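Since chain A is already given, all that's left is putting chain B on it; use the hints.
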Amino acid sequence: MADITESRIEAQSTARPAKRIKWEHIGDHAILIAGALLMLVPVFMIFASSSWDDITLHREGLQFGFSDDMANNYNAALFEYGGFTDSVNGVTMLANSLILGIGFAIGKIIVGMMAAYAIVYFRLRFATLAFWMIFTTLLLPLEVRILPSYEVITWMNLGNTYTGLIVPLIASATATFFFRQFFMSVPEELIEAARIDGAGPVKFFIDILVPLSQTMIAAMFIIMFVFGWNQYLWPTLITTDESLFTLVRGIRQIMQAYADGSSTPEYGEAAALAIIAMTPPVLVVVFFQSWFVKGLTESDK
Amino acid sequence: MAKVKLDGVRKVYPNGVEAVEPCDIDIPDGELVVLVGPSGCGKSTLLRMVAGLEEITDGTLMIGDAVMNDVEPANRNIAMVFQNYALYPHMTVAKNMGYGLKNRGLPKAEINQKVAEAAKMLNLSEYLNRRPSQLSGGQRQRVAMGRAIVRSPELFLFDEPLSNLDAKLRNQMRIEIRALQQRLGVTAMYVTHDQVEAMTLADRIIVLNAGRIEQIGTPGEIYSQPASTFVASFMGAPPMNIFTGTSDGQQATLDGGVSLNGAGAPSHTGKIQIGIRPEDVALDASGPLPFEVEIVEELGAHRLLHGRLSGQPFSVSVNKDQPAQTGPAKVALKPGAVHFFDAEAGRRL
Chain A
297 MADITESRIE AQSTARPAKR IKWEHIGDHA ILIAGALLML VPVFMIFASS SWDDITLHRE
357 GLQFGFSDDM ANNYNAALFE YGGFTDSVNG VTMLANSLIL GIGFAIGKII VGMMAAYAIV
417 YFRLRFATLA FWMIFTTLLL PLEVRILPSY EVITWMNLGN TYTGLIVPLI ASATATFFFR
477 QFFMSVPEEL IEAARIDGAG PVKFFIDILV PLSQTMIAAM FIIMFVFGWN QYLWPTLITT
537 DESLFTLVRG IRQIMQAYAD GSSTPEYGEA AALAIIAMTP PVLVVVFFQS WFVKGLTESD
597 K
Chain B
829 MAKVKLDGVR KVYPNGVEAV EPCDIDIPDG ELVVLVGPSG CGKSTLLRMV AGLEEITDGT
889 LMIGDAVMND VEPANRNIAM VFQNYALYPH MTVAKNMGYG LKNRGLPKAE INQKVAEAAK
949 MLNLSEYLNR RPSQLSGGQR QRVAMGRAIV RSPELFLFDE PLSNLDAKLR NQMRIEIRAL
1009 QQRLGVTAMY VTHDQVEAMT LADRIIVLNA GRIEQIGTPG EIYSQPASTF VASFMGAPPM
1069 NIFTGTSDGQ QATLDGGVSL NGAGAPSHTG KIQIGIRPED VALDASGPLP FEVEIVEELG
1129 AHRLLHGRLS GQPFSVSVNK DQPAQTGPAK VALKPGAVHF FDAEAGRRL
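Order-wise, the sequence lines are chains A and B.
Anchor point for the first sequence: position 82 equals 378 in my numbering, and the numbering is continuous, going up by one each time.
Anchor point for the second sequence: position 274 equals 1102 in my numbering, and the numbering is continuous, going up by one each time.
For reference, chain A alone in the conformation it holds in the complex (with noise of 0.2 Å):
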């Protein structure tokens, strides 16, 4: 995601302002400058081709300039039925995008903080064995079972289902790997002081242990949820019915249109789509990280 690398660079930048300028720091800068230029010239760019009409961009390609033909793309993007069935639009796209991202995200905090329970504060037979073994899966990506987990729910008839879209999906060696590190640095006496309270596990777990860890998971939320919403691979295979597209998917239903051959590709309204696809990871991480940044200075623990 160029645009989190990008926001997080501009934020450690002004975060401390220049008293004296100093030499050695002027190659450090020009690095900096030179990787944020790298991430954000593109974006730019797509912003600017996203104000001309589909014409122009198929004979001259990208721009750099602005046209008048902005509200046209976005509202193109946002509202007019498009797909093989004519029966999706930008909005609906966004919502199955948000569901997909916001599902993901929750689905791997909750699988992830769970299992991160039961391995750290359960007295279980092979527990760092079967971490290791969660562990290892960082290993083996979606892509590389992705036939097998296709069969599977086609087999459960979720094809064509958000529950067949993110399900597979919420498994996560990361979500548990800094949910258990976490964990771990909970100091003892608190579940001490909590079994003398009489807090059986489940209270422990939700009165205590998830207020807690409430950075954590903000944290996790902002990775996750940009993770979800970026799945190209998943949803493309699971998801036949046009109404169930994403953006990532929906923008390249548009440039289908040229593989087929069938007419111009709509490149203004594919460029406007890019950046409303862009723009909710985008919000996610400034909301977030202001949330959790206060988080951390409050220094509960």
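None of these hints come from the bench; they were simulated from the model.
Here the structure is a predicted model, which is why all the values come from computation and not from measurement.
Do not take every clue at face value.
Unchecked claim - One side of the interface only, derived from the structure: several residues of chain A facing chain B at Cβ under 10 Å:
#1 L394
#2 M480
#3 E484
#4 E488
#5 A489
#6 A490
#7 R491
#8 D493
#9 A495
#10 G496
#11 K499
#12 D503
#13 I504
#14 P507
C-beta: ideal position from N, C-alpha, C; glycine also.
Here is chain B on its own, set in the frame of chain A:
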């Protein structure tokens, strides 16, 4: 309120280490017992076994008239105060104090009333809506106490509750804890490694060493009649001087040749250990014992003289208006100053 009885209670860890040897302790109703010893002596393990946080390997634990070995901590009707307070960081003071009651299913109004009462007793009323992170160390300690009080337990357990506080606050909180425990009349077990805390707080002290009870007694007994050289040197600051020597049944002689005339001697003959508290010695120009002073430590209210008696290290504590300098001096022993211990196990003779 309840009496507590430990009968042969023992802790062996799965790796075979015996953390607590079988011990018998009887605590009458309303007494404050302090478990004291160096780190790793098993005092915390013992307390945690009473709390139910640690399984009891052998023996029986009774609180009141019920055997508690296999009862969940929450159902033992105890309250525990931890060293690092163990407050729930995300809850307000009021919620921290009321959490245990809430889990017992008490109605809200009753919880609020009990919390308000405890807060008033501990001067915390104005902090009820704060988070623990917004409180000072002493206030957090009080919240932890409050959390213990609202449960109206039969037994308080304190696990080094003052060791995270600075010295001044510690003295103040010590007095508060003592006053509170006496006012509520609740039986209490208190773990510390600080012998001053033990002496000042306790009705009775249990001195532990390497998982074994060395001595159980009132602070006075522990101080004046230490059961072993370990107790003698652990309790009291500066610690008791321990010499090696011999006894012929009539008279004790320090290794190095100086005889303790008139101090008596154990019937045991042969090698022994001899203990003398630094404050049981007086500088006296006509005294019988030659003392070579090497260092004078000024402590304000008194002075500590470190040096050698009969070639062995010796410390003497004298009053602040007693002049002292390094060099040879003479000392006399106060009556009853000399304690005798056997040479090997260090048991009192």
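key: Violations among the numbered hints   = Hints 1 and 2 not satisfied by this model.
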